[in-house]
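Novice: Now for the letters of each chain:
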Amino acid sequence: MSAAVKLERLSKRFGRTEALKDVTLEVPEGSIYALVGANGAGKTTLIKLLMNILRPSEGQAEVLGMASEQLAGRALDRIGYVSENQEHPEWMTVRQMLDYLRPFYPKWDRALEAYLVDQFDLPLDRKIRHLSRGMRMKAAMAGALAFRPPLLVLDEPFSGLDPLVRDELIEGLLDRAQETTILLSSHDLSEIESFSTHVGFLEQGRVLFSEELPALAERFREVTVTLMVATENRAPLPEWLQYEQSDAVVRFVHRDWRGSQSVTGVQTVFPGARDVTAEPMTLRSIFLAIARAERSERPERGERPARPASEERSRA
Amino acid sequence: MNQVGHIFTKDVRRHWPEIAATLGLTGLFGWTMSHQTASSLNAGGPEYLGGVLALAMLLALLLPVSWWVTITRLVQGESLVGDTQWWITKPYEWGRLLAAKILFLATFVLAPLFLAQLWLLWAAGFNPLGHWGGLTLDVALTAAVIVVPLMALSTVTKSLSRVTVTILGVLLAMIAGAALIGWLHIGRMTTSAADEVVYPAMLLLALAAIVLQYARRQVWASRGMLAAAVVLMGVGAACSTNAGLIAMTYPQNGATAAAAVAYDAQLPAWTNPTAMHEVRLMLPLHAAGLTAGSGVILDGVRATVTTADGRRWESAWQPANGTRIVGAEGRGYVPVQMKAGFYEAARQGPVTIRLRLAAVDIRAGNTKRLTMGAGDFVVPGVGICTPQNDNGGRGYSTMRCWSAVRPPQLTQVTGQWSQMPCGQNVAGAPEQTAVGDAWFGQLHPAVTSGLNPVVKMPVNLSNPLNPPLLAVGNVGAAANASARRYLCPGAPLSFTPYREVAKTQYETTIADFQLPEVKQEKVQPFNSPGLHVETRTE
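For the record, the sequence lines run as chains A and B.
Residues 1 to 316 in our numbering are what the first sequence lists, from first letter to last.
Residues 1 to 538 in our numbering are what the second sequence lists, from first letter to last.
The set of hints was computed from the structure by calculation and includes no laboratory data.
We put the beta carbon where it would ideally sit given N, CA and C, even for glycine.
Errors might be hidden in some of the hints.
Examples of chain A residues lying across from chain B (beta carbon under 8 Å, computed) [said to hold, decoys possible]:
(1) Ile53
(2) Arg74
(3) Asp77
(4) Tyr81
(5) Trp91
(6) Pro103
(7) Tyr105
Each pair of labels, with its calculated beta carbon distance range [as the list claims (entries may be wrong)]:
(8) A/Glu58 - B/Leu160: 34 to 42 Å
(9) B/Leu129 - A/Arg148: 50 to 58 Å
(10) A/Pro106 - B/Ala201: 50 to 58 Å
(11) A/Pro106 - B/Leu160: 31 to 39 Å
(12) B/Gln442 - A/Arg16: 56 to 64 Å
Starting from the given sequences, assemble the full structure and let the hints guide the process.
Specialist: So this is what it looks like as structure tokens:
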């Protein structure tokens, strides 16, 4: 499967602050790729680099086969973009906005536009400045979907929306998922877990992992080892996260679970193990385990925390 | 519809209040200003004229303000600052976006101004179609001086308030800079030679900032360019008194000089005090070798004074106030300003004064002779002139001339005065012996970037006086030599244009010169440009 988005050692610095460090990842064509990470992890910076809103300090990004720095003018008629922070043409009505956008896109589908207006229940004659936050996002989404873009880039599209609006937007997205690659960023894991096919995890400007969601779910297990008798602490293996031992019970997150092979590995460390159970984890649990492990390791590496995203924006 | 038209249409829909305001103000400006032109051409007018004229002046201020708001809001409709704008992720082509903005400004700012100016020319009695080239240049200059800088500022700022603050900041910096440079340059000759490089460079920087912003949105680089333009202006102003630049502008090339300028011992030198404990010494000069129809304009002077005991003082280049020495009999006074302390010390004995004069050799073109009309009359090469009624209604004391788009070539106008009010002497016959003259126009007339393309010039003919009496500061004698005179219909007038032949330097040395006593009265040399002394005897 070819990549709709490809990043190679992409870095972005704002002064002395490194917002992104050597980011390498691929967003496969046809995927719904969720870029997750805490606030200030660098998600918005990464998306702005992809959209050529910012320019990278090092490395390169390719979007739909084109270097991101070449992305301008007509090249943007294949990419739909919606962001929580985007300024909208407040003085226009929804109808005027759609009318205005239409000629920019040769592949604009008026039937789809009408369908989206109906699906999102958009008030066509209301000015955008008078729309609620949810309605604005839906109007923006209609404008980004109506030309059937091969790539849809969404920066925190569901942030601050009520569940009803969120579901409507997700439904609208999933309707189009067959014909487009979707890259979206979010810090709310529960909202993207249900429909994403791929996930990339950014922490302090670095990619901790980027892979298919089922593979990730398969790889992570919450392991509980029950020992015959309480023993002294053993040194955990590198792939064990959040290791803790209490009397005869040992718990940890295994980040590279390979079934019986991993069970054997556990029993090698704990020869007196009476029972080894491995439970599947939610994306949220995986995210938390990795984030905590990363943060506990950071002081050992002598790293300083990165600048928050809000500051990045103000500097930009 | 292509993208340019599409964006233009959107902007028209969005900015209709600004369009209405700009068009309304432009139309009103044209209407009121045409009244002003008509009223100045022909004295009198309707009772409401005073209000109309005041409105015209107010509109001359409001119109640029409306442009400022329109340009800023138009450009910032697709803001080029920041990274959250809606439009930057849409398939806008920057060249077409810029073209749409330019089309808007051409349609709703420059074209209405052009039409208003056509109307003003027509109202002033000119054939507007005969001046469309000049008008186009006038509008282009307005674009360069007002529209481009405002547009450039709008591209690097986020809101109208920030543009306003920036403009105020730049204006304050310019005022402070001008005050500082003015203070440093007090009493020094300035040359505009650097402006020929500085102003185009500033325009290019502003244009480059606009293009860079639209093409790449490099805000800080563009801001740097605009800051460089402001700095460049300051550097240009600071260099305006540079001796090297002056020497380059006025080359020392005696072979091509039209005359030999020298001290005129027939006329007395005189002084008057100035502020800052300085003395202005007025030295009479004549130009040997000048033929009829040729002359010299003195732009600057640099003096070296050496006393008998070997003390030496050298001035910087000082302004010579455009003193004109014209024709074989031409004379003029050149001012030399020096510290009062040195002057008084140097007066104790004879001194040697060496003068270097930055001058322009001029030559007369064909003289046009015509008679004064009772109303408007056309002067070829100049424009339209009209006599100005004096307040007593007894005749005309002077006249005014109007040019289209640019001032006329530097012109000497002469006219014969009448001693009696018009109509009271025999058939208004002019007094044959009293000829007044005046100068107006420019050696290098350039299209101005003003709002009104009608260039107004008062022509105040000199009331002939006895030059030596006035020159020595004998004001009482001057008053007796002058009488109230009238410029009546039928009076012969002549208009002689002068053109530059070359810029050059003259040198002359005045040996064994006794500096005159410092007089306290302030008097003017007899050939001050456009001097009109009117003595009321009735």
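Novice: Hints broken by the structure, by number, lowest first?
Specialist: Failing hint: just 10.
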